[in-house]
Each structure stands twice: as C-alpha cells, then as structure tokens.
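**Student:** Sequence lines, in order, name chains A and B. In case it helps, our numbering puts the first sequence at residues 1 to 159. In case it helps, our numbering puts the second sequence at residues 1 to 104.
Think of the hints as simulated: they come from the structure by calculation, not from any bench. Please note that a few of the clues may not be correct.
[To be verified] Calculated cross-link-like contacts (lysine-lysine; reagent style DSSO-like; alpha-carbon spacing at most 30 Å):
1) A:Lys89 x B:Lys8
2) A:Lys94 x B:Lys38
3) A:Lys129 x B:Lys46
4) B:Lys46 x B:Lys8
5) B:Lys75 x A:Lys61
6) B:Lys32 x A:Lys129
7) A:Lys89 x A:Lys61
8) A:Lys89 x B:Lys46
9) B:Lys46 x A:Lys151
10) A:Lys94 x B:Lys55
11) B:Lys80 x B:Lys55
12) B:Lys80 x A:Lys89
13) A:Lys48 x B:Lys68
14) B:Lys75 x A:Lys94
15) B:Lys55 x A:Lys61
16) A:Lys89 x B:Lys77
17) B:Lys38 x A:Lys129
18) A:Lys48 x B:Lys32
19) A:Lys48 x A:Lys61
20) A:Lys151 x B:Lys80
21) A:Lys48 x B:Lys38
[Stated by the list, open to error] If you anchor each label on the Cβ, the simulated ranges turn out as follows:
22) B:His54 x A:Ala140: 18 to 28 Å
23) A:Ile154 x B:Asp83: 40 to 50 Å
24) A:Ser56 x B:Thr101: 34 to 44 Å
25) B:Ile35 x A:Lys94: 39 to 49 Å
26) A:Ser65 x B:His2: 43 to 53 Å
27) A:Ala91 x B:His54: 21 to 31 Å
28) B:Glu17 x A:Leu90: 17 to 27 Å
In this text the structure is predicted, and so the values were computed from the model without any measurement. Using N, Cα and C, we set each Cβ at its ideal position, and we do this for glycine too.
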Amino acid sequence: MNLPRRTFLKQAFSGTALAVAAGAGLLRPTQALARTWPTWPAQSFHIKHWRDLEHSLFGSKPVVSGGVHLHAPLEAENGAVVPMVISTKLAAPKRLALAVDHNPYALATLVNLTPHALGFFNVRIKMGKTSRVRAYVETADRVHTVDRLVKVTIGGCGG
Amino acid sequence: MHIATRMKTRTQGGITEVLVLVNHPMDTGLVKSPITHKIIPAHFIKTLTIAINHKPAVITDMGIAVSKDPLIAVKLKGAKSGDLVSVDWIDNEGMTGHAETHVS
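Start from the sequences, fold in the hints, and give me the full structure.
**Tutor:** Printed below as a string of structure tokens:
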C-alpha cells in the first residue's frame, strides 16, 4: 500500500508522540505507585453494623477500651463536614479506623501506618444523623477503641 | 475534569505534619440530584497514599463517608530537611492525582 506522503508523515508523527507520552507516563510516580497499592477493602466498606465491622477488620484480636483519643465536636451543625482527629501514644500502631454507627456503611476510613508515621490522623467526614463515632487503633496484639456521641443538626447525606 | 491536589508540610521538633487537600466531589452514590431527580453516581477517592522519598508512610483507604474536598493531616517522624514528601490517590473511576513537596 502506498500512502500519500502527507498522511504517512502525520501517522508516523502521532504514533511517535503517543509512544513518547506512554513512556513518560510510565515513569510518573502516580502510576508507579498505583501498581503497588494494596487493593481497597471493598468488603469492609460495605458492612452496615459496627459490630460486624469490628469482627471483619480485627478478627479475634481483643478489643479494649482506651489508649486512643478521638477529638470530635459534641455537636455538628453541618453533618456534611464533621472534623475528626484520631491520636494515640501507643507504640507501633499498625492501623487506625473510624466508624460511624448510624451511617449507611459504618466504616469511614481505614489508615495503614508504617514505622515512618505517628499514630495521628485528621479527616473530615459526613454524618447522616446524630450518632456514636468510634475510633480504633490496632497494635500487634490488640485493638484499642474509644467512642464519642456527635449530635448532628443538619444531616450530611445530602452532601 | 481536572482535580487539584495540594500538599503542605510543617516540621517541628522532629515531627513533620503533612496536610493534603484534594478538590474531589466525593459523591456517595446515595443522593438524588435536585434538578434531574436521578441518583448522582458514586465518585470518591478509594486510596490515598502519603510517601516519604517514594516509600509509602501512610496508606489511607476511604469510603463514601469522607467529606467533599478531603482535607487530611498525618504526622511523620524522622523526616529530614530536603526529603521528598508525596501524595498519590486513586478514585473509583480510576482517576489519579499527585502532589509533592520537599521538607523545608
């Protein structure tokens, strides 16, 4: 097949451009990291009740009260944005979790920590209505928990 | 759609606080649009990773309960001046975002 010269040049050029773009793309840290990201725990994020969630996340590890601090407002005017701070002074925390009893799905966020990180996490969450919020810190042999009741004036499900 | 990702660090007494802000809609998939009366499809960040010198330090899995335009703060230890702190996220539609900064 004899392509007209102009068309051939165009095609050759766009092909090269694509190859260059793909090559550059592969070197970007976003995609490099994306390949090593652990899979999102879909099952945990679809659990409705916090007790089932505890069991699913931590299995038979003993859950004890205290050792973790949850800083949450007593009353949230706007349920769409409720600031939460989890902190702990426990040595070597492995995972932090934040759950809301009366949300459609209990688990809000699950944080995996490495030894580079301190036991601290600050996030803003949505709350559909007044509910107990639970913070968890998982260490090598047990799970520490604390809960706070947060009153919500305007629900955040309407986002 | 472009989604902006911003990051800031602040170091004090050997502890580096990392602040991340992503302008993401975080749609739950449970809400109807007041205009079209149709469900707005879920669109939310699933995993957000904060790394130091390309090594993951904090890996956060999120559900639909995280607020619109997530603002996240974590604390890292042992970061030195000049270290590269970066954040990468991926959402349920496969969109990704990235930001990085050096510890001052």
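**Student:** Each of the hints needs a verdict: does it hold here or not?
**Tutor:** Quick rundown of the hints versus the structure:
no. : hint                           : verdict
1   : A:Lys89 x B:Lys8               : holds, 24 Å
2   : A:Lys94 x B:Lys38              : violated, 41 Å
3   : A:Lys129 x B:Lys46             : holds, 23 Å
4   : B:Lys46 x B:Lys8               : holds, 21 Å
5   : B:Lys75 x A:Lys61              : holds, 26 Å
6   : B:Lys32 x A:Lys129             : holds, 18 Å
7   : A:Lys89 x A:Lys61              : holds, 20 Å
8   : A:Lys89 x B:Lys46              : holds, 27 Å
9   : B:Lys46 x A:Lys151             : holds, 27 Å
10  : A:Lys94 x B:Lys55              : holds, 16 Å
11  : B:Lys80 x B:Lys55              : holds, 14 Å
12  : B:Lys80 x A:Lys89              : holds, 22 Å
13  : A:Lys48 x B:Lys68              : holds, 21 Å
14  : B:Lys75 x A:Lys94              : holds, 14 Å
15  : B:Lys55 x A:Lys61              : holds, 29 Å
16  : A:Lys89 x B:Lys77              : holds, 13 Å
17  : B:Lys38 x A:Lys129             : holds, 23 Å
18  : A:Lys48 x B:Lys32              : holds, 21 Å
19  : A:Lys48 x A:Lys61              : holds, 20 Å
20  : A:Lys151 x B:Lys80             : violated, 41 Å
21  : A:Lys48 x B:Lys38              : holds, 24 Å
22  : B:His54 x A:Ala140: 18 to 28 Å : holds, 26 Å
23  : A:Ile154 x B:Asp83: 40 to 50 Å : holds, 42 Å
24  : A:Ser56 x B:Thr101: 34 to 44 Å : holds, 36 Å
25  : B:Ile35 x A:Lys94: 39 to 49 Å  : holds, 45 Å
26  : A:Ser65 x B:His2: 43 to 53 Å   : holds, 45 Å
27  : A:Ala91 x B:His54: 21 to 31 Å  : holds, 26 Å
28  : B:Glu17 x A:Leu90: 17 to 27 Å  : holds, 19 Å
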